[in-house]
Amino acid sequence: MARPVHPQAMTPSRAGRTRTAAPQAASGWYTQPRMLKYLLFDATGIVYLLVGFIALRVVWALGSGPEAWQELMRQLANPLYVAFHAVALVSVVFVAVRFFSLFPKAQPAHIGPVKPPPAPLIMAGLYAAWLGVTAVVTLILAGGLF
Amino acid sequence: MSEQKKTFVITRFDPDRDPAPRQQSYEVPVQPDWKVLDALNYIKDEIDPSLSHRWSCRMAVCGSCGMMVNGKPSLTCKDAVSDYGNRIEVAPLSNFPIVRDLIVELESFMEKLKSVKPWIVKAKERALEEGAHRQSPEQLEEFKQFSYCINCMLCYSACPVVANEPDFLGPAAIALGHRYNMDSRDEGQSERNEIFRGEGTVFSCSYANECSEVCPKHVDPAAAVNQAKFNAVIDWVTGFVTTRGGK
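As you go down the protein sequences, you meet chains A and B in turn.
Sequence positions in the first sequence follow this note's numbering and run 1 to 146.
Sequence positions in the second sequence follow this note's numbering and run 147 to 393.
Here chain B stands alone, though its shape is the one from the complex:
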């Protein structure tokens, strides 16, 4: 296969030396079938071993290699180098503090995910002898799409609200909470809807739809957030006519 030289402009940041992130260029002989991640690995292996970036599965499943490529959030293991011109800018995900080079701080994202209680909440544990909790294909269909999230955080990088409101729960966390709210086995809707009615949650979303545009797994977090708005309101209204916890 014929190789072609492309210039990769990479954001570099060494917390021990650099006062702020800077850019560094590398000439990379790319193969036609390369993904952007292949070029980053080439730079690390052959040109500059000090480059730091995250990656793992190389098949768009683990969600580790999310970065900004020419200004757009993308999974670098899925993004073909041939789709770009001769100059490719790679930067860490927007809207996240930068730990080193292309690696961003994940802690806040993890805190936000955890805050929506992303597990099946049951008032009473089901006894083993009662058997499996069966779910029909129709019931599964209601949340299946939202369970495809791989936590790549591209949606947080694309979201204009995340960029401006630090307390905003964000697309993936809300989509995850909504996924459990829509699960027929779950009984935690009231708890999550109370979270969703709080400051910096579903009603902070201005429906830019950017999260859904960049989602590599077609989860459509914007749909989840806006459906969650509706459900949070309905839950609030029904709270006046039913007892809390009453179903």
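Bound conformation, chain A alone:
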């Protein structure tokens, strides 16, 4: 059967003379693969929130001296943390791929006289920038740049 949605969804500003039934969502709509993908996309926000907390902990430990830092590194080696970071990596890749695929058509028709490049070029640029930033960050973390 159908699921309820917001009871005021698409309700006119002035009630009509006929009694209407509350708006509903057809059964099965939220289990359609496309919809599930979108819900998963939104749910990755929870992962980023947790990553944010871990990042704050990292900064805190950095300012609290070598012992605190070593202790944090020991904790982060825990398989649960490693598994969480694997989930975070998958989330980032999933969101980036979805975002990159939708980004070109969100571009305005033109900015002044300048028209945006074709969609494949925009996507290629996004992927190139992503790979470039990842390479630079990896180099920095590996001590290859500084």
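Everything labelled a hint here was simulated from the structure, so no lab data went into it.
Since we're looking at a predicted model, the values are computed, not measured.
Glycine included, C-beta positions come from ideal geometry on N, C-alpha and C.
One or more hints might be untrue.
Said to hold, decoys possible - Covered stretches of chain A (in silico footprint by chain B; criterion: 3 or more residues with CB under 8 Å from a CB of chain B, positions within the stretch not fixed):
no. : segment
1   : 33-40
2   : 97-111
Unchecked claim - Derived contacts from chain A toward chain B, CB cut-off under 8 Å, selection only:
no. : residue
3   : GLN8
4   : MET10
5   : THR11
6   : SER13
7   : GLY16
8   : THR18
9   : ARG19
10  : ALA21
11  : ALA22
12  : PRO23
13  : ALA25
14  : ALA26
15  : GLN70
16  : HIS85
With chain A's structure known, arrange chain B on it following the hints.
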């Protein structure tokens, strides 16, 4: 042609009798070339004349026969019965109050369409002797796609924001406003962009892209909404360096 029996599970609602919508099943002998609308018309003509549903052109132009078929928003005159199994669920469009059976309340949709000023706004009417306002094919191309909307409201049924935010202007209305904003003959961009910067408009869109996925005319309302976001911001920024109404 050989006919086959299929079960249609239809949402029924009589405002005078039913406390809430219910489902009713009908066995329909369908022909291979039938659309879902043909089956609904068969039910009304041959089995149960009390069934109420909207339809008109039967060629995916009028936008009247939008319904949920097996949980997906679809134009029933375009959707082939042969694409479904033996059990087909037909329900009124999601996210709309139900007036009767498969008929939904349109008033809110009409209010939202009207609110984006879907007409060409001119500071000064062009005199007849000035001739037609010419438009190049390139200028036409900038908004042509967004003018194909048939107001079938499938996008409103697909949109998760419409389901949760009653004040959201919605995909078709924003796409329509954007269509006029992109029209080289129009001078109402600032007025519409001010509307678009308000509560429950373009920035409420979470870019689920569902509106574009279900659009039967490939209008791509999600593109219009997200382009409108950009234009609304640019208009706001340029408002600081140019006088209002200055072009």
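Comparing the hints with the structure gives:
1. 33-40: Since three or more residues must qualify, the claim that chain B covers the segment 33-40 of chain A holds, with 3 doing so at under 8 Å.
2. 97-111: Three-residue rule met by the segment 97-111 of chain A, so holds; n is 8.
3. GLN8: 4 Å, holds
4. MET10: 4 Å, holds
5. THR11: 6 Å, holds
6. SER13: 6 Å, holds
7. GLY16: With a closest approach of 7 Å, the A/GLY16 hint holds.
8. THR18: 6 Å, holds
9. ARG19: Interface hint status for A/ARG19: holds (4 Å vs cutoff 8 Å).
10. ALA21: Holds. Min distance 4 Å.
11. ALA22: Status holds, d = 7 Å.
12. PRO23: Cβ of A/PRO23 sits 5 Å from chain B, so the hint holds.
13. ALA25: 4 Å, holds
14. ALA26: 4 Å, holds
15. GLN70: It is violated, given that the least Cβ distance between A/GLN70 and chain B is near 42 Å, above 8 Å.
16. HIS85: Violated - the Cβ of A/HIS85 stays beyond 8 Å from chain B, reaching only about 26 Å at its closest.
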